[in-house]
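Novice: Okay, here's what each chain looks like letter by letter:
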Amino acid sequence: MGRPRSRAYKRTWKNLLINKRYQLRFTLFMVGLSAVLMGLLGWWVMTEAKSATTTAVNNALTACRDMPGAPRVPTGATSAVRPPPPAPPAEKPRTRPRPVVTIDDSGMPAAPPPAAPAPAAAPDRPTRAQVAAYQKCEAGVPGTVRELEGRLRLTFWLLLASGAVICIALLLYGIKMTHRVAGPLYKVTLYMSKLRQGHYDTVYNLRRGDHLRSFYEHFKAAHAGMRALQEEDVARLRALLGAASEARLATRSTQLAEAVVELRALLDDKEKSLG
Amino acid sequence: MAKAGHRPYKRKLSNYLLDKRLQLRYVVLVTAVSALISGALGYLIWLQEVEASSDVVTAVDSAFGDDAEVKAEMHDNMVGRTSTDDRNLILRMAAVGLGLMTVLMAYLVVMTHKVAGPLYKVSRYFDEMAAGRLGPVYSLRKKDMLHDFYDKFRDMHESLREQHKLDLEALGRFVAACEAAGVAEGGLGRELDETRTLIDRRRKALS
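Protein sequence lines correspond, in order, to chains A and B.
When the count follows this note's numbering, it moves up by one through the first sequence with no breaks and lands on 275 for the last residue.
When the count follows this note's numbering, it moves up by one through the second sequence with no breaks and lands on 207 for the last residue.
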């Protein structure tokens, strides 16, 4: 057997999937798991984001109404913030999903007393500057809401895009990684096929980066063992045929002549198989 | 070659990691990717939760803007509650994440064992071949992977066994013909003796 050498050749993309069953099983498991994780956790992220956005939008919508310049509601029985909700504010607020924060000041212990019917000329009438500030605030609300909703949409698309990128990257990496196992197996399969046909060719080393190096060493030892048997047979046959020639066996009887011919044919086959 | 049978034996927990390098490479990769995805998205979930909590506190603060004492009390109350909720969320996510990773790792070790097992088995047969022995080859377990590869190995092994049997038969016929003709003497006699020894040795290697 010749000394094993390393033949320098590179992997090409077209033959990366050489053991589809094994490679796709491991790769798709990895990709599928990541997709499921991304899907489930992404859905959770979106639920939380929606909840946070809803709360923030409501805050933005109600923020201006508490400003000094905001127009007062003439009937003082209800909140200046929102219409009265069914639950009093003393109840434990739920955190998930985030509720629309609506505060009813009618039940508050320290809340200001209900406003009396507004007099014709209120003593704390807002100044022009306060009204202008309120109007500016109100004008900014739609923009704030749009920005919050835009952020929600951006979060969704970012999650979707990163999920797709991760899955594609894992698919490519998985195929390449499993190819480093499938490659040596394929190589061993080729050598085994040659052994089956009686060819004891030189076994070359694996490519750099291939896995299963230990397994391949076992194979090389097996190949060397089989080749050694073949060489031993060749030596035995040569010695036997040499002695038979010296004893002129082929001329003694037809049976012996046929046996010598058979042995010579066997020797030829074995010599050819060793290359 | 006698038809290879199936020896029923079970996997043991102790030998699930047959090829540590091969198995752990995949186990660690998949677990790390899952941990990264879970960690990153878990962090996002936590951020959203904290943001929502902050918005709730802001809303409550603005609702009690007129009374500093009530405002402070409600603020502390809300901050306490939302902080507890946020902390609980982290703990729940960490517990679920750890559980998931543990189950995943165990599953991956079992999954990769179904590849490492056949490779280990074939390696042992290769060792036998390296020592010149070509005994019978047994089947893989049902749930093992790489059946195609193993079938090719068995075909090759069977073919080599058959070839060796034919070679031994040819040598045996030659020895028998020499013995029948009474020519087993001198140099040829010595060669025939050595050939007989070789035939015996090879027959043992095939059993």
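No wet-lab data here; the hints were simulated from the structure.
A few of these clues could be false.
In silico contact screen, one side only, chain B against chain A (beta carbon under 8 Å); selected entries [said to hold, decoys possible]: (1) Ser83; (2) Met156; (3) Glu179.
Ranges of calculated distance between the beta carbons of each label pair, as one might list FRET restraints [to be verified]: (4) B:Val110 / A:Lys20: 18 to 26 Å; (5) B:Leu91 / A:Lys136: 23 to 31 Å; (6) B:Gly135 / A:Arg21: 56 to 64 Å; (7) A:Gly150 / B:Lys20: 34 to 42 Å; (8) B:Asn88 / A:Gly209: 45 to 53 Å; (9) A:Gly32 / B:Leu166: 46 to 54 Å; (10) B:Glu69 / A:Val145: 16 to 24 Å; (11) B:Thr84 / A:Ser214: 47 to 55 Å; (12) B:Arg124 / A:Leu190: 18 to 26 Å.
Where a beta carbon is used, it is the ideal one built from N, C-alpha and C, also for glycine.
Novice: When you take the CB atoms of glutamate 69 (chain B) and valine 145 (chain A), is the distance between them in 16 to 24 Å?
Specialist: violated (33 Å)
Novice: Under 8 Å is the threshold here; is the Cβ of serine 83 (chain B) close enough to any Cβ of chain A for the hint to stand?
Specialist: Not OK, violated: serine 83 (chain B) not within 8 Å of chain A, min 10 Å.
Novice: Would you say the C-beta atoms of threonine 84 (chain B) and serine 214 (chain A) sit inside 47 to 55 Å of each other?
Specialist: At roughly 54 Å between Cβ atoms, serine 214 (chain A) and threonine 84 (chain B) fall inside 47 to 55 Å, so the hint holds.
Novice: Could you check the hint for me, namely that asparagine 88 (chain B) and glycine 209 (chain A) are 45 to 53 Å apart, CB to CB?
Specialist: holds (46 Å)
Novice: Given the hint of 18 to 26 Å, check if arginine 124 (chain B) and leucine 190 (chain A) actually sit that far apart at their C-beta atoms.
Specialist: Given about 22 Å between the Cβ atoms, the range holds.
Novice: Please test the hint of 23 to 31 Å on the beta carbon pair from leucine 91 (chain B) and lysine 136 (chain A).
Specialist: This hint is violated: roughly 44 Å between Cβ atoms.
Novice: Is 46 to 54 Å respected by the C-beta to C-beta distance linking glycine 32 (chain A) and leucine 166 (chain B)?
Specialist: Distance hint for glycine 32 (chain A), leucine 166 (chain B) holds at roughly 50 Å.
Novice: Hint says 34 to 42 Å; check whether the CB-CB distance for glycine 150 (chain A) and lysine 20 (chain B) agrees.
Specialist: violated (50 Å)
Novice: For the range 18 to 26 Å, tell me whether the beta carbons of valine 110 (chain B) and lysine 20 (chain A) fit it or not.
Specialist: Given range 18 to 26 Å: holds, Cβ gap about 22 Å.
Novice: Double-check glutamate 179 (chain B) for me: the hint is only fine if its C-beta lies closer than 8 Å to a C-beta in chain A.
Specialist: violated (11 Å)
Novice: If I claimed the Cβ atoms of glycine 135 (chain B) and arginine 21 (chain A) lie 56 to 64 Å apart, would that claim hold in this structure?
Specialist: violated (29 Å)
Novice: Using 8 Å as the Cβ threshold, decide whether methionine 156 (chain B) counts as touching chain A.
Specialist: Given a least distance of 4 Å, the restraint on methionine 156 (chain B) holds.
Hint check: violations occur at hints 1, 3, 5, 6, 7 and 10; the rest are consistent with the structure.
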